[in-house]
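J.: Protein sequences, first through last, are from chains F and G.
Counting with UniProt numbering, you get residues 1 to 250 for the letters of the first sequence.
Counting with UniProt numbering, you get residues 1 to 250 for the letters of the second sequence.
Among the hints, a few may not be true.
Intra- or inter-copy, both count: the list cannot distinguish identical chains.
What the hints assert, rightly or not - Taking lysine-lysine pairs in the DSS-like style, the calculated list, with each CA pair at most 30 angstroms apart, reads: (1) Lys231 with Lys99; (2) Lys172 with Lys139; (3) Lys208 with Lys99; (4) Lys49 with Lys191.
These are calculated hints, taken from the structure and not from any lab test.
Since this is a predicted model, take the numbers as computed values, not measurements.
The chain contents come next:
Protein chains: 2
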Amino acid sequence: MMRRSFQVAARLGHRRALLRTPCILPGLDPAAAFGSSTDSLVSRFCPVKTDLKDYALPNASWCPDMLSLYQEFLEKTKSDGWVKLPSFKSNRDHIQGLKLPSGLVAASDKSDWRIFTRCIQVEGQGYEYVIFFHPFKKKSVCLFQPGPYLEGPPGFAHGGSLAAMMDETFSKTAYLAGEGLFTLNLNIRFKNLIPVGSLAVLNVQVEKIEDQKLYMSCITQSRDQETVYAKSSGVFLQWQLEEESSPESL
Amino acid sequence: MMRRSFQVAARLGHRRALLRTPCILPGLDPAAAFGSSTDSLVSRFCPVKTDLKDYALPNASWCPDMLSLYQEFLEKTKSDGWVKLPSFKSNRDHIQGLKLPSGLVAASDKSDWRIFTRCIQVEGQGYEYVIFFHPFKKKSVCLFQPGPYLEGPPGFAHGGSLAAMMDETFSKTAYLAGEGLFTLNLNIRFKNLIPVGSLAVLNVQVEKIEDQKLYMSCITQSRDQETVYAKSSGVFLQWQLEEESSPESL
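One chain only, chain F, in its complex shape (with noise of 0.2 angstroms):
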C-alpha cells in the first residue's frame, strides 16, 4: 500500500471525490475548492475546551521580541480575524475522530508519538514556535525560536531545523486553508543564518489552489525585517481525512 505514490494517489483521491461528494471541482474560490470549508477546519482545529497541553503558549524562555509579538498577534485574534493555532504533541490528538485516507495505515501501538516539531519538550532547549493563521487572507505568521538542541553550525540554527519549521507551518496552513495533507515539494533558498536563541518570523500566503494542489510561499526574516533568513516554496496535495468508525456503526 505504501508504494503507492502522491501523484497516484491524487488521482485516485481525485476520483473517489467525483463518487462521493457533489462534483467541485477546485475552483476561484479556494475555500469551497475542496470538501471542507476553511471555517469549519478551523473550528475543529482549535477547541473551546481541552484537557491537552498546548505547547505553543508563552514559558520562560521566550525571548523579548518573540513575548512581544505574540502578544502583538494575540490583540489581532480579537478583531482582525487571526487566529492562534494550539500545537498538541501530536498530530493525533489534532485529527481526533479522523484518520489517514485508506491505505495510509497508521501504526497505533502504545508508544510516546511526538509530532517532530514538539520532539524535545524542555523549555527553550528545542522548538519554541507558535503558529497565528488568518483564514480569510489564508495566510500564516510562525513565531519561532530555535533553541541549543537544534545547532547546526556553531550558535546557528542548523538548516534542516529552519526547513522543518517551514514544513510544519506550511502544513497546518495547508490543511486549514484547504485540507492539503502531504507535502510535494519544498524548496528553500537560504539566505542568512538564524542565532540560536532569536526570533525568527516566517510569513507564509497560500498563492494558488489548482488541480488538487496548494502552491505556497514563505519568507522568513528578523522581526525588524531587515535580515531576511531565507526564502521558500511549498506545495501541497489536497485530501480529505475519513471520519473514524464510531464503535455504534460498526
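Position chain G relative to chain F; hints supplied.
T.: Just chain G, lined up with the frame of chain F:
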C-alpha cells in the same frame, strides 16, 4: 555582521581566497578545487582516537534492515574506499581547533549544544542514522531510521525530519568533498511517506563544484529500492573554516 548574506559572503570569501592561497579556482578536479584536500579533511574529521561518544553506532533500536546494511557498508570500508563517519553530539566537537569564518561569531556559553539531528538522545525515539562517505567518488550513503518523536502524519515520519536528514547528509558530504559549509538551496520532491521505525536509505552524490558552490543530488529509497521516498538537490557554499588561535600565538 549577521546581516551579511551568503551571496556577499561568497564574494568576500573568494577575494580572501585569492589573497591567501595560490589562485586555484574551482575546476575539473573537485579535490583540489578549494583549500584542503578531501583526504586531509576526512583524516581530521575521523579521529582514530577520541573520548567523544560516537552516536553512529548500532544500538538495540536498530531494525534488522538497518543493522545488516550497516554491516555491509562496514565491510566496504575495509576494501572499497568507503569511510564510516563518526557522529558527535555537536558540530563543535567535529571542528575542534577550527572556527567559523570571521564575522560569524558563535555563542560560547555553557549551553548544552546539540547538533539538530542528535537532539534526541533516547535510543530509537528520534534520529537513528549513520553516514558512509566515499572520498574518491564524492558520494555518501545515509542509513536513516526515524523514531516516534519524528512523527508527522500518524505513523509516518514528518517531511521536515527527512528534510533535515537530507540537509545534514548534504552538509557532511559537502564539507568533506570540498569544504562546503553553508546550505544555499534545498529542493525536495516527496514521493512516499516513510513509516516510523523503518529504514530509509539516502544516496547523495556531488554532481559538480563550480563558482565556489557544490551541487548535490539525493535519492531516498527503501532498502530494496522499490519505494522512492523523495528526491532532492542541494547547493552548498564553499568556505574555509579558520584555525583557532592557540594560546601561545596570542
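J.: Determine for every hint whether it applies to the structure shown.
T.: Hints and how they fare:
| no. | hint | result |
| --- | --- | --- |
| 1 | Lys231 with Lys99 | between (32 angstroms within a copy, 27 angstroms between copies) |
| 2 | Lys172 with Lys139 | within (10 angstroms within a copy, 35 angstroms between copies) |
| 3 | Lys208 with Lys99 | within (26 angstroms within a copy, 44 angstroms between copies) |
| 4 | Lys49 with Lys191 | neither (41 angstroms within a copy, 37 angstroms between copies) |
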